[in-house]
Amino acid sequence: MGAQWIHGPSKQNAVFQLASQYHLLDEAAMSEENQAVQLNTHLPAVSICYTSSGKRVDPEISASMEELYSVLILKSREFFQSKAEPVQSLGEFLKREIARCAEEWKDDEEVCNLKLALLNVEFKIECCVAGTDSLDLLALQPFGEYVILPGIDCTFPSGFNSLIDEMMKSLPKDIVSFNKPVKYIHWNGSFKTPEAPEHSYSVLVECENGEIIPADHVIVTVPLGFLKENYETFFRPPLPPSKINSIQKVGFGTNNKIFLEFEEPFWEPECDLIKLVWEDESPLNNRSPDLQKTWFRKILGFIILKPAERYGHVLLAVLAGQEANFMEQLPDSEVKDCLTQVIHQFTGNPLIPPPKNILRSKWHSDRFTKGSYSYTEVGSSGDDIDIIAQPLPSKSAKEQPLQVLFAGEATHRTFYSTTHGALESGQREADRLRDHYWLHISRNPKL
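The numbering used here applies: residue 4 is where the sequence shown begins, and numbers increase by one.
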């Protein structure tokens with residue numbers, strides 16, 4: 004429902020390294036060849052494009068548009084090193100470049116429209132990868148700072164939870180508490196407890212059930228969406244203005260999944276991805292969507308979960324942005340019926356039976372997440388990510404440093420939005436505390 008793939012499974016990926024250490028991956032994922040492949044996409048390889056009129060797109064045309072989009076994305080990443088960018092957003096840049104290409108296609112209006120419709124699918128894919136409603140919200144200049152690791156994306160044969168289970172085994176029993184939502188984090192204080200009256204704690208964690216947990220340090224790993232909604236009340240005293248400003252500036256969006264389980268597959272065995280190409284859509288046309296009538300158009304297509312021996316006959320639809328938020332409000336029956344109609348329309352086969360089961364994520368409705376993951380929104384940069392990651396109090400403050408530390412994907416400057424970025428950020432803060440105590444001991448040899 005959340006993390007599913009290891010993106011960029013290679014030696015530079017902390018999640019991959021940990022999964023390898025615990026022997027959780029299959030032989031294909033562990034191969035040197037797999038780890039060496041450099042891709043610019045997180046989607047499966049073999050795709051088939053169907054149009055809204057129920058036709059299959061010529062593979063040569065679809066492949067040429069995928070290649071064009073890939074070239075433009077690589078070009079857009081070059082602006083990270085430049086001092087000035089031509090436009091503010093990735094969307095503006097891509098649309099400008101596509102408009103130039105479209106001038107060369109206009110002699111054949113039908114082909115031109117098909118190519119633009121195919122490119123619009125690539126925009127939807129990018130929105131899902133970035134977790135944004137629109138590429139017009141994605142800042143161009145810092146876009147190239149995000150690091151794409153080599154390796155063909157892979158999954159855990161026993162699910163992502165198998166990694167968590169192994170990590171839990173290394174911890175003392177019952178050290179992790181569940182179902183204890185935190186109400187406030189009190190910091191910058193001098194708190195004492197009856198159990199240890201001689202010791203002053205700088206931090207108190209107050210839970211919603213009234214429990215108080217004293218601490219010398221707390222590492223906050225809540226999603227950026229939660230911080231955006233609760234930064235005014237969650238911390239006492241409030242966060243510094245600079246951190247609040249960066250929390251507000253960095254983007255945080257929704258990327259939702261809809262799993263559809265079928266009795267029998269209607270797709271071809273070699274196919275990994277079915278793309279849905281709406282022939283009347285183009286990245287050059289800006290529309291204000293009627294969510295009630297068109298939310299499903301934001302779905303890029305259906306990813307086919309493989310192998311079938313592991314998953315059964317399951318398709319995964321993915322969509323991002325306000326359409327993903329809207330979908331969460333609908334009943335399962337309506338989503339199921341709607342996607343069945345979409346499948347009938349695009350395949351041209353009204354006899355395909357509806358899915359027998361549906362399962363979907365609702366990350367925007369979850370009060371502890373309020374979305375999926377972060378991106379560098381127009382007006383923000385990697386500097387804002389670093390500011391969010393800075394511990395409190397600041398180094399210049401006279402109070403005891405490292406009272407409140409911050410981790411999570413939104414605090415990793417080059418791996419934001421990823422599980423490996425989240426893991427690395429936690430390791431970073433653990434290292435920060437370790438170094439703090441080593442320095443303390445070195446300055447106080449008697450300790």
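Derived by calculation from the structure, the hints in this document are not laboratory data. All values derive from a computational prediction rather than experimental measurement. Certain hints may be false.
To be verified - Subject to a maximum C-alpha distance of 35 Å in a straight line, what follows is the list of computed DSBU-like cross-link-like pairs (lysine-lysine):
id : residue 1 : residue 2
1  : K172      : K183
2  : K78       : K231
3  : K78       : K252
4  : K309      : K252
5  : K339      : K231
6  : K359      : K58
7  : K172      : K186
8  : K58       : K109
9  : K260      : K195
Said to hold, decoys possible - The following label-pair restraints were derived from C-beta to C-beta distances:
id : residue 1 : residue 2 : range
10 : R431      : R59       : 44 to 54 Å
11 : S73       : T236      : 17 to 27 Å
12 : E169      : P240      : 37 to 47 Å
13 : R103      : L442      : 39 to 49 Å
14 : A102      : G57       : 38 to 48 Å
15 : D177      : E211      : 49 to 59 Å
16 : M170      : K195      : 47 to 57 Å
17 : R59       : R313      : 26 to 36 Å
18 : M33       : L442      : 18 to 28 Å
19 : N352      : A433      : 52 to 62 Å
20 : S73       : T196      : 21 to 31 Å
21 : S67       : N352      : 26 to 36 Å
Even glycine gets a Cβ: it sits at the ideal position worked out from N, Cα and C.
How the hints compare with the structure:
1. K172 x K183: Holds, at about 21 Å.
2. K78 x K231: Satisfied, since the Cα-Cα distance of roughly 32 Å is no more than 35 Å.
3. K78 x K252: Answer holds: K78 to K252 is near 25 Å, not above 35 Å.
4. K309 x K252: 38 Å, violated
5. K339 x K231: Roughly 32 Å between the alpha carbons, so the hint for K339 and K231 holds.
6. K359 x K58: 26 Å, holds
7. K172 x K186: Roughly 28 Å between the alpha carbons, so the hint for K172 and K186 holds.
8. K58 x K109: 22 Å, holds
9. K260 x K195: Violated, at roughly 46 Å.
10. R431 x R59: 44 to 54 Å: Hint holds: Cβ distance 48 Å, inside 44 to 54 Å.
11. S73 x T236: 17 to 27 Å: For T236 against S73, whose Cβ atoms are near 44 Å apart, the range 17 to 27 Å is violated.
12. E169 x P240: 37 to 47 Å: Roughly 39 Å apart at Cβ, these two residues keep to the hinted range, so it holds.
13. R103 x L442: 39 to 49 Å: 56 Å, violated
14. A102 x G57: 38 to 48 Å: 29 Å, violated
15. D177 x E211: 49 to 59 Å: At 20 Å between Cβs, range violated.
16. M170 x K195: 47 to 57 Å: 33 Å, violated
17. R59 x R313: 26 to 36 Å: 28 Å, holds
18. M33 x L442: 18 to 28 Å: 39 Å, violated
19. N352 x A433: 52 to 62 Å: 54 Å, holds
20. S73 x T196: 21 to 31 Å: 58 Å, violated
21. S67 x N352: 26 to 36 Å: 27 Å Cβ-Cβ, so the 26 to 36 Å window holds.
This entry does not satisfy hints 4, 9, 11, 13, 14, 15, 16, 18, 20, going by the numbered hints stated previously.
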